[in-house]
Amino acid sequence: MINFAYTRATGIADAIKEKVEANGGGQFLAGGTNLVDLLKENVARPARLIDINRLPLAAVEPMSGGGLRLGALVTNADTAYHPEVQRRYPMLSRAILAGASAQLRNMATNGGNLLQRTRCYYFYDVATPCNKRQPGSGCPAIRGQNRVCGVLGTSAQCIATHPSDMCVALAALEAVVRVSGPQGERSIPIAEFHTLPSNTPHIENTLSPDELITSIDLPESPYAAHSVYTKVRDRASYAFALVSVAAGLELDGDTIKSTRLALGGVAHKPWRLPAAEALLTGKPATKESFLPVAEALFAGAQGYEHNAFKIELGKRAVVRALTLAAKGTAAIHDVNGQTADA
Amino acid sequence: MNLATANASPPATQFVTLTINGQQRHLEVAPWTTLLDLLREYLDLTGTKKGCDHGQCGACTVLLDSKRVNSCLVLAVAKDGSQVTTIEGLAAPGSELHPMQQAFVDCDAFQCGYCTPGQICSAVGMIREGHAETADDIRELMSGNLCRCGAYPNIVAAIEKAMDATRARLSV
Ligand SMILES: Cc1cc2nc3c(=O)[nH]c(=O)nc-3n(C[C@H](O)[C@H](O)[C@H](O)COP(=O)(O)OP(=O)(O)OC[C@H]3O[C@@H](n4cnc5c(N)ncnc54)[C@H](O)[C@@H]3O)c2cc1C
Ligand code: SF4
Ligand code: FES
Ligand code: FES
Chain A
242 MINFAYTRAT
252 GIADAIKEKV
262 EANGGGQFLA
272 GGTNLVDLLK
282 ENVARPARLI
292 DINRLPLAAV
302 EPMSGGGLRL
312 GALVTNADTA
322 YHPEVQRRYP
332 MLSRAILAGA
342 SAQLRNMATN
352 GGNLLQRTRC
362 YYFYDVATPC
372 NKRQPGSGCP
382 AIRGQNRVCG
392 VLGTSAQCIA
402 THPSDMCVAL
412 AALEAVVRVS
422 GPQGERSIPI
432 AEFHTLPSNT
442 PHIENTLSPD
452 ELITSIDLPE
462 SPYAAHSVYT
472 KVRDRASYAF
482 ALVSVAAGLE
492 LDGDTIKSTR
502 LALGGVAHKP
512 WRLPAAEALL
522 TGKPATKESF
532 LPVAEALFAG
542 AQGYEHNAFK
552 IELGKRAVVR
562 ALTLAAKGTA
572 AIHDVNGQTA
582 DA
Chain B
14 MNLATANASP
24 PATQFVTLTI
34 NGQQRHLEVA
44 PWTTLLDLLR
54 EYLDLTGTKK
64 GCDHGQCGAC
74 TVLLDSKRVN
84 SCLVLAVAKD
94 GSQVTTIEGL
104 AAPGSELHPM
114 QQAFVDCDAF
124 QCGYCTPGQI
134 CSAVGMIREG
144 HAETADDIRE
154 LMSGNLCRCG
164 AYPNIVAAIE
174 KAMDATRARL
184 SV
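Here the protein sequences come in this chain order: A and B.
Here my numbering is used: the first residue of the first sequence is 242, the next is one more, and so on.
Here my numbering is used: the first residue of the second sequence is 14, the next is one more, and so on.
If we strip away everything but chain A, and leave its shape as in the complex, we get (with noise of 0.2 Å):
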């Protein structure tokens, strides 16, 4: 860890001008389960820590219009276990449940869930090569161990997922991503704000480099009452996701008005594809339906040595979710987020 000067925020705009000044050597805190660690590891080396936990954005308020605000100090844990969340956006509770472990969700802050780098091993061990951490250096993960890696949208610069199982859940419900800036504030929709890696791997979204996340912005959701967040991992609890699945659908009986769905740890941004979702409107919500969804998503997916498998487990992960979906959000046993078939 290298040395670096502390300053505590007490405000939006003192937070932004402090960064300003900082002149690309600052780096905000939030819960700091993500950049502590990466300061250890020395992929972080900011000059300065703005702390910006005692800014005023720690409250879940409802929006006019209809929707939840979710500020972006507000706790994973505060956030998942929130009444209004649990009731209207049970596939968000539940994809920041399946995450981290409580002690982790307790200190982690939604912002900086947004935010949150990936977990590719060459990523995080600086004696290592690594596009992403310092462009140009070269991609060991594509004849590497990729296990971890992505299928879809990947690169010849980098392949790497975005770690968030919130993020997946936020995707699907075309969540609002607000900032504010030495410009001002603005809004980014969810979708575009995750980037792909292309060329640029050291990009990894739309937020200029003196904003700050103020709060994440759910709109009105028809799909409380069929959703599910399907979580397959390398062990039971506290992993992150190999393929994840946030599945939503509106039916009309047994007939499918419209859906949606995202997919995480397979890309570097949630995957989300409207075009195989509209291929289930007005179909009944069988597996049937949902064979060509899973096929429509993967298509053009390119699997590596170590993680080929996730192509067909994707598929598989994709009609499960949508078949539990089908069932009812109450059917579905949760043992505090973790879903299984009672």
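It should be emphasised that the hints constitute simulated quantities derived from the structure, not laboratory data.
All figures in this text were calculated on a predicted structure; none of them were measured in a lab.
Here a beta-carbon is modelled for each residue, glycine too, at the ideal position from N, C-alpha and C.
Mixed in with the good hints there might be a few duds.
Selected chain A positions facing chain B (in silico; Cβ < 8 Å) [claimed, not checked]:
1) Met348
2) Tyr362
3) Phe481
Derived lysine-lysine pairs resembling DSS-like cross-links, with alpha carbons at most 27 Å apart [unchecked claim]:
4) Lys528/A to Lys498/A
5) Lys63/B to Lys281/A
6) Lys528/A to Lys556/A
7) Lys568/A to Lys498/A
8) Lys174/B to Lys281/A
9) Lys174/B to Lys80/B
Cβ pair distances, simulated, as ranges [as the list claims (entries may be wrong)]:
10) Thr32/B to Ala300/A: 20 to 28 Å
11) Thr441/A to Asp177/B: 50 to 58 Å
12) Ala300/A to Asp93/B: 38 to 46 Å
13) Glu109/B to Gly425/A: 36 to 44 Å
14) Pro460/A to Ala105/B: 48 to 56 Å
Chain A is already provided as a structure; the job is to place chain B with the ligands on it using the hints.
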């Protein structure tokens, strides 16, 4: 007390006030000092263990403002004004063990004991959170605490045993 490390070139240390196991402490810390290192290296509270130092094992779990956290990922400087309870502070000195500590002894819920302070603090934090009812819930919500000796069955049994007594303590 000056807690700056020897190579602490500027940027400078800062003062924080922390209440640790009921005792208010005024401390001077370097910004990069974690709460875990502060407790162990500077305050001689070595009950809290360092397993991985990366949030992956739970050995460093303490209660920070009553919530369980991984102290290895907490920068002490950021927690000015907070209350910290470690395994040393769960029961008052000289008094009986906390019911969770007693249950771990009674149920033989450890072998080497290295993970135990973190397990016990985590279990107390979990019961305060109020989402654990069944053994399945306990297993899931305690998954952030690894035990290399594999004492899991007895850990779950100890927590089930101490659940009511721990709850009763919280409500007073
Ligand atoms: C052992 C372990 C296991 C984990 N397992 C999972 C898992 O299974 N699933 C999962 O989804 N996650 C998992 N995580 C990751 C965890 O969810 C993230 O570390 C956490 O969400 C990050 O939030 P934070 O508040 O701690 O962010 P910090 O570490 O404080 O910050 C992360 C980044 O975001 C920036 N930042 C934070 N807030 C803002 C803001 N408001 N505006 C602008 N920039 C900001 C920081 O500058 C930093 O660059 C795991 C983490 C660990 C250590
Ligand atoms: S996949 Fe991306 S993060 Fe991993 S080594 Fe290659 S460039 Fe680095
Ligand atoms: S030492 Fe903190 S989680 Fe392992
Ligand atoms: S008792 Fe040895 S690690 Fe748990």
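Cross-check of the supplied hints:
Evaluation of the Met348/A hint against chain B yields a held restraint, the C-beta minimum of about 5 Å falling below 8 Å. A cut of 8 Å between beta carbons decides the hint on Tyr362/A: the least distance to chain B is about 13 Å, and the hint is violated. Here the hint on Phe481/A is broken, as its CB sits about 11 Å from the closest CB of chain B, past 8 Å. Using a Cα cut-off of 27 Å, the hinted pair Lys528/A and Lys498/A holds, with the two alpha carbons roughly 16 Å apart.
Simply put, Lys63/B and Lys281/A have alpha-carbon atoms about 14 Å apart, close enough for the 27 Å limit, and the pair holds. For the given pair, Lys528/A sits about 12 Å from Lys556/A by alpha-carbon distance, which is consistent with the 27 Å threshold. At roughly 15 Å between alpha-carbon atoms, Lys568/A and Lys498/A fall within 27 Å of each other, so this suggested pair holds. Restraint check for Lys174/B and Lys281/A: the C-alpha separation of about 38 Å exceeds 27 Å, so the hint is violated.
The suggested pairing of Lys174/B with Lys80/B holds, with an alpha-carbon distance near 21 Å, which does not exceed 27 Å. Distance hint check for Thr32/B and Ala300/A: the Cβ-Cβ separation is about 26 Å, which falls inside the suggested range of 20 to 28 Å. At about 56 Å, the CB distance of Thr441/A to Asp177/B agrees with the hint of 50 to 58 Å. About 22 Å separates the C-beta atoms of Ala300/A and Asp93/B, a value inconsistent with the hinted range of 38 to 46 Å.
Distance hint check for Glu109/B and Gly425/A: the Cβ-Cβ separation is about 59 Å, which falls outside the suggested range of 36 to 44 Å. Between Pro460/A and Ala105/B the beta carbons are some 51 Å apart, a value that agrees with the proposed interval 48 to 56 Å.
In the structure shown, a violation is registered for the earlier hints numbered 2, 3, 8, 12 and 13, in ascending order.
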